[in-house]
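Asker: Add chain F to chain W, keeping to what the hints say.
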Amino acid sequence: MTEMDPKAVIEDTFAEAFPLTVARVIVTADNSRLVQSAAIAATGFASSIIGCDVEAGIDCDLTAAATPDGRPGASLLFFSFSRPLLEKSLVNRIGQAILTCPTTACYNGLPVDPEKCLKIGSQLRFFGDGWQGSKKIGGSRFWRIPVMDGEFLVEEQFGTVKGVGGGNLILLCRDAAGGLDAAEACAAAMRDVPGVILPFPHGIVRSGSKVGSRYKALKASTNEAYCPTLRALVPTQMPVDSVVAYEIVADGIDLVSVEEATRRGIAALLGHQSVIRITAGNYGGKLGPFHLYLRTIAGLTRD
Amino acid sequence: MLTLSLLHNHLVPVEAECISPNTLAGLAVCEIERLSVFHGNRKESLADHFSVEGSASDESIVVKGDCSRIKWLGASMSRGTLRVDGSVGMHIGSRMSGGEILVSGDAGDWAGAEMSGGLLKVHGNVGNSAGAGYRGSVHGMKGGTIIIDGDAGHETGAYLRRGLIVVQKSVGDFCGFNALAGTVIAGGRLGLRPGAGMKRASIVACGPAPELLPTFQWSGVVAPQYLRMIGCHLRTIGVDGLGQILFRRFVRYCGDMVALGKGEILTLAP
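One line per chain: the protein sequences are W and F, in this order. Position 99 of the first sequence, counted from 1, bears residue number 98 in numbering that gives the first Met the number 0, the numbering being contiguous throughout. Position 229 of the second sequence, counted from 1, bears residue number 228 in numbering that gives the first Met the number 0, the numbering being contiguous throughout.
For reference, chain W alone in the conformation it holds in the complex:
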């Protein structure tokens, strides 16, 4: 641990990230309110692969000029361990959260490799019960599914790439309100990076976990080393003058984007009086091949 700034210390450690399969979904609708509703619903209950089918979030809002059909839209990112899992989740989520929302349409946002693509529209089309039709436009096929306000348009195939999940920062703070402010600023800075999502609610995790549990049925359990109320009972990672810890988790479409998000997140935290220490979660290098060394990313020398 090295003193860098009178306000915060960046620990000489790394965030341990791992590869995930990613799909980008472009959702459009007649107005941005409907886009937001569909986007929030489709990316809901998708905070952690530990307990959800996917990790997902809103990458960015899109202007009408940037969408395939000239309407307001949003870019959504979905992460999963494999293409079959991702395909199943997307069919369910688009079918239940986007198809059901008035005026929406749904497009692929990544290049399609026929051997690595997800068949989405070609499964959702069966909702049309034989009345569905398709159009091939610019080399891609789109399914037209009759619905009560007209038609739902969905692209047949969605591309995938190998992305990076599990990028993270943990901030230890000397007061609760200031810590939350710092976490919000950090999340906002990381979320601004194109191709990065923060899958947890508001982008902030207050229940950081460790692998395993004393209960065999659980894959993960609370990370007691960062629980301020357990300092007297367990080996703690919390300095004496800290009262709260938060974790910001970031998934990205590639390693570069997660590194950039981490750099911006650290920069945002360094400006906050209440942040005492910045660290990251890792499992000794056993979980994933991507090690994001905080001090290197922040442009500092490592110990």
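Don't read these hints as lab results, they were simulated from the structure. Treat the hints with care, since some could be wrong.
[To be verified] Simulated restraints, written as ranges between beta carbons of each label pair:
(1) F:Lys-198 / W:Gly-137: 21 to 27 Å
(2) F:Ala-46 / W:Phe-125: 56 to 62 Å
(3) F:Ala-46 / W:Ala-63: 50 to 56 Å
(4) W:Asp-112 / F:Ser-103: 35 to 41 Å
(5) W:Ala-63 / F:Ser-103: 51 to 57 Å
(6) W:Phe-125 / F:Val-28: 53 to 59 Å
(7) F:Asn-40 / W:Phe-126: 57 to 63 Å
(8) W:Gly-137 / F:Gly-187: 55 to 61 Å
(9) W:Asp-112 / F:Gly-39: 46 to 52 Å
(10) F:Pro-207 / W:Val-146: 29 to 35 Å
(11) F:Lys-198 / W:Asn-30: 34 to 40 Å
(12) W:Pro-113 / F:Lys-42: 42 to 48 Å
(13) W:Gly-127 / F:Ala-46: 55 to 61 Å
The beta-carbon is built from N, C-alpha and C at its ideal position, and this holds for glycine as well.
Answerer: Frame of chain W; chain F shown alone:
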């Protein structure tokens, strides 16, 4: 870039299907000059009709002169670019599967007939049966895009199977006759009996409402999202004329009920 300049105008048509990036790329000028063409029923060399300059190694060909009697240019091409500075005869881009053909003047009958991919763009008018299927064929155009800035003749998109035909001005009779799928968009007047016998295709009439066959049934007012997509797609390939119209609402008529009845004719909503 290879430049072919027409040496003289013809009364008897010349069949020059060798003028295609697929055939000419990689050939030396002397080899290109020796390629065979048919002038009427006589076999002649390309050099008898065109002067040849440059190289087609970049798969880019420019044809200059009034080629309205030169047939089969770009037939079966699958890649590269063919630009015709002037008008061109029948069967331009017939059965092409890729690449781009740009014609600055008019094109004859059967432009893009049975094509399966690529882009055929004609700045002027085209004759009959653009994108259609040849007599006896099961289907016509199977993919790709035909853009016609002027008028198109009769039976445009007949037996259409897939793909997009955009005519910025008027279209003749029997547009989309027996079409199986695909889309024809007419910016101007649509002739008699559009969509007769069609099964699944879409015909979009952006001009005056056409007189429809009684086997087409009113099916509501719609604003199809795929038309907005086509409007945006057309902008990306430099076609701006119809873009905004495709964002409007259309009256949908389903038909042809003598066939499967899953096709549609869309006319601009009042």
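Asker: Does each hint fit the structure? Answer for all of them.
Answerer: Hints, one by one, checked against the model:
1. As the Cβ distance of F:Lys-198 to W:Gly-137 is approximately 23 Å, the hint placing it in 21 to 27 Å holds.
2. Taking the beta carbon of each, F:Ala-46 and W:Phe-125 are about 59 Å apart, inside 56 to 62 Å as hinted.
3. Between F:Ala-46 and W:Ala-63 the CB atoms are about 54 Å apart, so this pair conforms to the stated range of 50 to 56 Å.
4. For the hinted restraint 35 to 41 Å between W:Asp-112 and F:Ser-103, the CB-CB distance of approximately 37 Å keeps it satisfied.
5. Judged by the Cβ atoms, the range 51 to 57 Å given for W:Ala-63 and F:Ser-103 is violated: they are separated by roughly 33 Å.
6. Checked against the hint of 53 to 59 Å, the C-beta distance between W:Phe-125 and F:Val-28 comes to roughly 57 Å, which is consistent with it.
7. Remark: the range hint 57 to 63 Å for F:Asn-40 to W:Phe-126 is upheld by a beta-carbon distance near 58 Å.
8. Taking 55 to 61 Å as the suggested C-beta distance range, the pair W:Gly-137 and F:Gly-187 does not conform, at roughly 24 Å.
9. Range check, W:Asp-112 to F:Gly-39: about 50 Å between beta-carbon atoms, so the 46 to 52 Å window is met.
10. A hinted range of 29 to 35 Å for the beta carbons of F:Pro-207 and W:Val-146 is consistent with their spacing of about 31 Å.
11. Checked against the hint of 34 to 40 Å, the C-beta distance between F:Lys-198 and W:Asn-30 comes to roughly 36 Å, which is consistent with it.
12. In this structure the hint that W:Pro-113 and F:Lys-42 lie 42 to 48 Å apart at CB holds, the actual value being about 43 Å.
13. Separated by about 57 Å at the C-beta atoms, W:Gly-127 and F:Ala-46 satisfy the suggested range of 55 to 61 Å.
Comparing the model with each numbered hint stated earlier shows that hints 5, 8 do not hold.
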